[in-house]
Amino acid sequence: MRINITANGEARSLDLDPRTTLLDALREHLKLTGSKKGCDHGQCGACTVLANGTRINACLSLAVMHDGDEVTTIEGLGSPETLHPMQQAFLTHDAFQCGYCTPGQICSAVAMLAEFEAGAPSPETPRGAAPTLSDAEIRERMSGNICRCSAYPQIVAAIRDAAEGRA
Amino acid sequence: MSSVSDWEAPNPVKDNRGGLIGKGVDRYEGPLKVTGTAPYAYEVQPPSPPAYGVMVGAAIARGRITAVDIAAAEASPGVLLAWTHMNAPAQPPRGTKGHPRSTQGSKPALESDRVAYFGQPVAFVVADTLENAVAASHLIRLSYAAEGHDVAFHERLDAAGQPPGEQDVEIGDFDAGFAASEVRLDETWTTPLQNHCQMEPCASLAWWEGPDRCVAHTSVQMVKPAQHGLAETLGIGRDDVHLLTRYIGGGFGGKGQTYDDLTLAALAARALGRPVKVAFTRQQMMHGTIHRPATVQRVRLGAGRDGRLNAMSMMTWTHCHRDGAFTEHASNFARSLYAAPNRLTGHRLVKLDLPHAGAMRAPGEASGTLSLECAMDELAEQLGLDPVELRIRNEPEVDPENGRPFSQRQLVRCLREGAQLFGWDRRLPTPGQVRDGRWLVGLGMAAAIRGNFLLPAKCSFSVDADGVITVRQGMTDIGTGTYTVLAQIAAETLGVPLGQVKVEIGDSELPPAPGSGGQFGAATAGSAALMAGMNLRRAIADLATGDPGSPLHAGDPGDVTFQDGVVAIENRSETLSDLIRRAAPEGLTVEGEIRPAQDAQKWSQQTYGAHYCEVGVDPVTGEVRVRRMLGVFAAGRIINAKTARSQLTGGMIWGVGSALHEGNPVDPRYGSLVNQDLAQYVLPVQADIGELDAIMLDEVDDKANPMGIKGVGELGNSGAGAAVANAVYNACGVRVRDYPITPDRLLAGLIAKGM
Ligand code: FES
Ligand code: FES
Numbered sequence: 002m003r004i005n006i007t008a009n010g011e012a013r014s015l016d017l018d019p020r021t022t023l024l025d026a027l028r029e030h031l032k033l034t035g036s037k038k039g040c041d042h043g044q045c046g047a048c049t050v051l052a053n054g055t056r057i058n059a060c061l062s063l064a065v066m067h068d069g070d071e072v073t074t075i076e077g078l079g080s081p082e083t084l085h086p087m088q089q090a091f092l093t094h095d096a097f098q099c100g101y102c103t104p105g106q107i108c109s110a111v112a113m114l115a116e117f118e119a120g121a122p123s124p125e126t127p128r129g130a131a132p133t134l135s136d137a138e139i140r141e142r143m144s145g146n147i148c149r150c151s152a153y154p155q156i157v158a159a160i161r162d163a164a165e166g167r168a
Numbered sequence: 009m010s011s012v013s014d015w016e017a018p019n020p021v022k023d024n025r026g027g028l029i030g031k032g033v034d035r036y037e038g039p040l041k042v043t044g045t046a047p048y049a050y051e052v053q054p055p056s057p058p059a060y061g062v063m064v065g066a067a068i069a070r071g072r073i074t075a076v077d078i079a080a081a082e083a084s085p086g087v088l089l090a091w092t093h094m095n096a097p098a099q100p101p102r103g104t105k106g107h108p109r110s111t112q113g114s115k116p117a118l119e120s121d122r123v124a125y126f127g128q129p130v131a132f133v134v135a136d137t138l139e140n141a142v143a144a145s146h147l148i149r150l151s152y153a154a155e156g157h158d159v160a161f162h163e164r165l166d167a168a169g170q171p172p173g174e175q176d177v178e179i180g181d182f183d184a185g186f187a188a189s190e191v192r193l194d195e196t197w198t199t200p201l202q203n204h205c206q207m208e209p210c211a212s213l214a215w216w217e218g219p220d221r222c223v224a225h226t227s228v229q230m231v232k233p234a235q236h237g238l239a240e241t242l243g244i245g246r247d248d249v250h251l252l253t254r255y256i257g258g259g260f261g262g263k264g265q266t267y268d269d270l271t272l273a274a275l276a277a278r279a280l281g282r283p284v285k286v287a288f289t290r291q292q293m294m295h296g297t298i299h300r301p302a303t304v305q306r307v308r309l310g311a312g313r314d315g316r317l318n319a320m321s322m323m324t325w326t327h328c329h330r331d332g333a334f335t336e337h338a339s340n341f342a343r344s345l346y347a348a349p350n351r352l353t354g355h356r357l358v359k360l361d362l363p364h365a366g367a368m369r370a371p372g373e374a375s376g377t378l379s380l381e382c383a384m385d386e387l388a389e390q391l392g393l394d395p396v397e398l399r400i401r402n403e404p405e406v407d408p409e410n411g412r413p414f415s416q417r418q419l420v421r422c423l424r425e426g427a428q429l430f431g432w433d434r435r436l437p438t439p440g441q442v443r444d445g446r447w448l449v450g451l452g453m454a455a456a457i458r459g460n461f462l463l464p465a466k467c468s469f470s471v472d473a474d475g476v477i478t479v480r481q482g483m484t485d486i487g488t489g490t491y492t493v494l495a496q497i498a499a500e501t502l503g504v505p506l507g508q509v510k511v512e513i514g515d516s517e518l519p520p521a522p523g524s525g526g527q528f529g530a531a532t533a534g535s536a537a538l539m540a541g542m543n544l545r546r547a548i549a550d551l552a553t554g555d556p557g558s559p560l561h562a563g564d565p566g567d568v569t570f571q572d573g574v575v576a577i578e579n580r581s582e583t584l585s586d587l588i589r590r591a592a593p594e595g596l597t598v599e600g601e602i603r604p605a606q607d608a609q610k611w612s613q614q615t616y617g618a619h620y621c622e623v624g625v626d627p628v629t630g631e632v633r634v635r636r637m638l639g640v641f642a643a644g645r646i647i648n649a650k651t652a653r654s655q656l657t658g659g660m661i662w663g664v665g666s667a668l669h670e671g672n673p674v675d676p677r678y679g680s681l682v683n684q685d686l687a688q689y690v691l692p693v694q695a696d697i698g699e700l701d702a703i704m705l706d707e708v709d710d711k712a713n714p715m716g717i718k719g720v721g722e723l724g725n726s727g728a729g730a731a732v733a734n735a736v737y738n739a740c741g742v743r744v745r746d747y748p749i750t751p752d753r754l755l756a757g758l759i760a761k762g763m
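First to last, the sequence lines map onto chains A and B.
Adding 1 to a residue's 1-based position in the first sequence gives its number in my numbering.
Adding 8 to a residue's 1-based position in the second sequence gives its number in my numbering.
It is worth saying that the hints were derived from the structure and are not from the lab.
It is possible that part of the hints are untrue.
What the hints assert, rightly or not - Residues from chain A shown here face chain B by an in silico Cβ test under 7 Å; the list is partial:
(1) Cys-45
(2) Leu-92
(3) Asp-95
Ideal Cβ placement from N, Cα and C applies to all residues, glycine included.
Whenever a hint applies, use it, and build me the whole structure from the sequences.
Okay, here's the thing in structure tokens:
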């Protein structure tokens with residue numbers, strides 16, 4: 002099947018087996034291997050990308066469902082020479098070790114902050130209360146991204162810095 | 009013959025003139041990792057489009073494959089080959105060493121009709137796309153004759169024997185000492201089987217350059233055994249396998265060896281004449297790679313009323329595969345931790361038809377501290393002593409079993425500084441006294457210990473005409489920070505800025521190093537790098553003083569200094585790049601080597617720490633939340649304060665997982681593990697971890713290696729879970745001795761107490 006997606010701002014046309022996940026389309030067809038496959042079942046967050054600005058698990062979505070979508074992967078956020086502020090914050094705070102969960106964490110964090118700004122609720126905040134970006138709030142909202150190296154405290158510190166414009 | 013006294017001389021790392029040693033510089037490969045541009049094995053772009061291999065696991069735990077039907081798979085769209093033991097290429101029998109000095113024998117895949125564990129790869133399909141390969145893999149039909157399996161560890165404890173070549177270690181007379189003790193404790197703990205769950209599943213990509221040379225990218229912690237094992241399997245020369253492992257998505261011991269993904273990728277690439285890549289699925293990782301085996305640990309402590317231990321024993325029962333010999337040495341650390349005149353420690357091993365047991369982060373200590381460090385907490389309560397004070401009273405002056413002096417032992421300082429920083433004096437010794445809303449709040453602590461090792465390693469250093477230093481070593485970085493510490497050592501040794509250093513590792517064609525494991529990586533690889541760097545300094549000094557064109561000409565090579573990219577003898581100087589460009593335009597390359605000192609065994613060498621933890625327990629639901637945790641560690645000189653801290657906090661979080669979350673039950677019906685993915689296998693996520701930090705004390709261990717550094721990758725894991733468990737008890741008064749401390753287990757105790 003032919004699908005058209007805009008990947009990191011570039012229009013791409015792909016002829017795909019309809020069984021192809023968005024993750025495999027990115028990794029194997031577009032050679033955007035920054036998005037990682039940790040479980041292929043929507044359980045780890047390593048494959049997190051932004052589809053029309055919303056964070057999704059690319060492994061849990063078929064590529065054909067994204068015909069016409071704008072997809073942003075970690076490669077679209079910044080490059081080694083020009084890091085996105087969130088990427089810089091992860092580097093500064095050592096918010097990763099092996100680096101395999103990291104692209105997913107960073108994409109997720111960028112979208113999470115946008116969700117927070119837009120007033121999306123979370124179980125951390127009592128009903129009716131205005132959420133504040135507490136550490137507990139960040140932890141709750143980032144719990145879909147597993148880091149087996151367990152860089153969790155550093156990830157919270159990095160996201161806080163990026164959110165507060167320090168990175 | 010080398011001696012630790014050879015390491016006493018000053019060297020650039022000790023002098024640290026540039027101040028790079030100890031500095032928390034950003035990770036060398038960090039910009040690549042945060043932008044997704046560091047290619048892991050499956051992501052390397054091969055010279056031509058790859059085919060995709062998919063493995064199929066056995067559906068029984070023990071028996072034979074009686075019939076195979078691959079016709080439908082072969083006829084499936086895009087399929088290039090389908091293999092079972094019936095048609096897989098012939099390979100040398102397992103363990104064959106055609107080259108006598110191979111570090112690993114052959115590891116054939118699909119070698120016979122025998123099934124030795126559930127999930128063992130028994131069939132393999134390669135197709136033009138991943139989707140076609142996955143679809144075809146479902147069409148393979150296998151029939152089995154099951155032979156009945158034995159996987160019930162807890163029911164087989166009486167069948168346990170001494171691990172091969174081991175004996176119990178008794179000092180004094182344990183039974184008599186225990187019987188004569190005024191205060192006694194005799195309790196048993198259990199720990200479950202755990203899976204590594206590295207975020208990157210094992211994966212390999214292989215292609216051939218001509219009929220006899222294979223290039224293989226894989227995800228492995230040790231380069232040489234992987235290279236040699238593959239060469240033996242393929243029946244080609246060891247140097248005809250070029251094995252690369254540049255970026256590794258977590259190892260933790262589980263990638264200390266290679267698996268069938270590597271063998272099958274290489275065999276299929278040869279058969280098809282094109283690159284082939286193969287990855288384990290997350291589900292396949294659980295059975296198809298090694299795990300930390302379950303244990304039963306009986307701890308007996310006998311003490312006087314003053315809290316001094318008179319007798320201590322720790323016996324561990326554990327399991328490994330019927331064909332294996334791995335032993336989880338959970339009792340070993342107890343031989344060095346506390347003083348007691350009468351001591352008994354040992355291990356018992358049961359052979360089962362479960363998948364292969366093996367090393368997982370802090371093998372031994374991670375499991376063992378979960379019992380002994382809680383037993384100490386229980387003993388402290390019996391004695392009415394503070395648990396920190398109990399440990400200090402049992403601090404040995406020399407290693408309590410072998411009588412050797414400690415090279416360094418700052419356990420007491422870790423305990424005291426941790427207690428002060430954490431606010432341990434706020435702890436109420438009687439459990440269940442502190443409430444915060446719905447939470448019962450408690451504090452717990454535990455000691456940490458993990459051995460220190462140095463292995464032989466080589467390294468090469470080059471300088472080019474731009475004055476750039478390149479470090480090359482067949483070492484790996486599994487997230488531990490190897491790239492970065494090698495860069496720091498190189499920059500400090502040659503007196504150049506960090507930006508003027510390149511590091512190339514993870515390649516079998518580079519000087520051999522043992523890889524990542526047993527927290528020996530930084531000390532071993534780094535010491536070899538220091539040696540190579542000092543050799544390069546000498547070579548450069550000789551070059552400068554011997555070159556009539558150099559302002560340093562005719563000076564004493566021993567007087568040459570290296571700073572800010574400039575070589576100098578007092579006020580005569582030139583830049584390193586000017587010197588090399590003129591006098592050695594092709595650059596210079598030298599090697600260096602580290603070997604363990606012959607007399608290092610005269611000292612007991614360990615790393616130490618103390619964990620402090622605050623938890624909340626919800627008495628209604630049995631939920632436990634880690635609110636605060638602090639670790640204080642002493643592990644020699646620290647090369648990079650930032651990456652070392654990350655290793656330690658990561659290890660501490662693994663301890664939280666061991667205490668509260670992780671464990672994979674065995675399904676006795678199929679001989680399989682119940683949890684087969686990351687939704688079922690519960691491990692710590694972001695919301696499980698509260699405020700958590702690690703602090704490193706100043707230390708230099710001059711008996712460890714020329715830099716006085718030690719490892720930290722496993723230390724953080726040791727004892728961390730016990731601190732959590734002790735905090736749970738302090739919060740609510742319930743001791744759960746079967747890990748993990750899940751709400752159901754805790755609730756049973758809370759209900760029994762009428763809470
Ligand atoms: S790979 Fe998509 S959630 Fe794990
Ligand atoms: S950095 Fe390794 S899993 Fe997160």
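To see whether the hints hold, each was checked on the structure:
| no. | hint | verdict |
| --- | --- | --- |
| 1 | Cys-45 | holds, 5 Å |
| 2 | Leu-92 | holds, 5 Å |
| 3 | Asp-95 | holds, 5 Å |
Checked against the numbered hints above, the structure breaks none of them.
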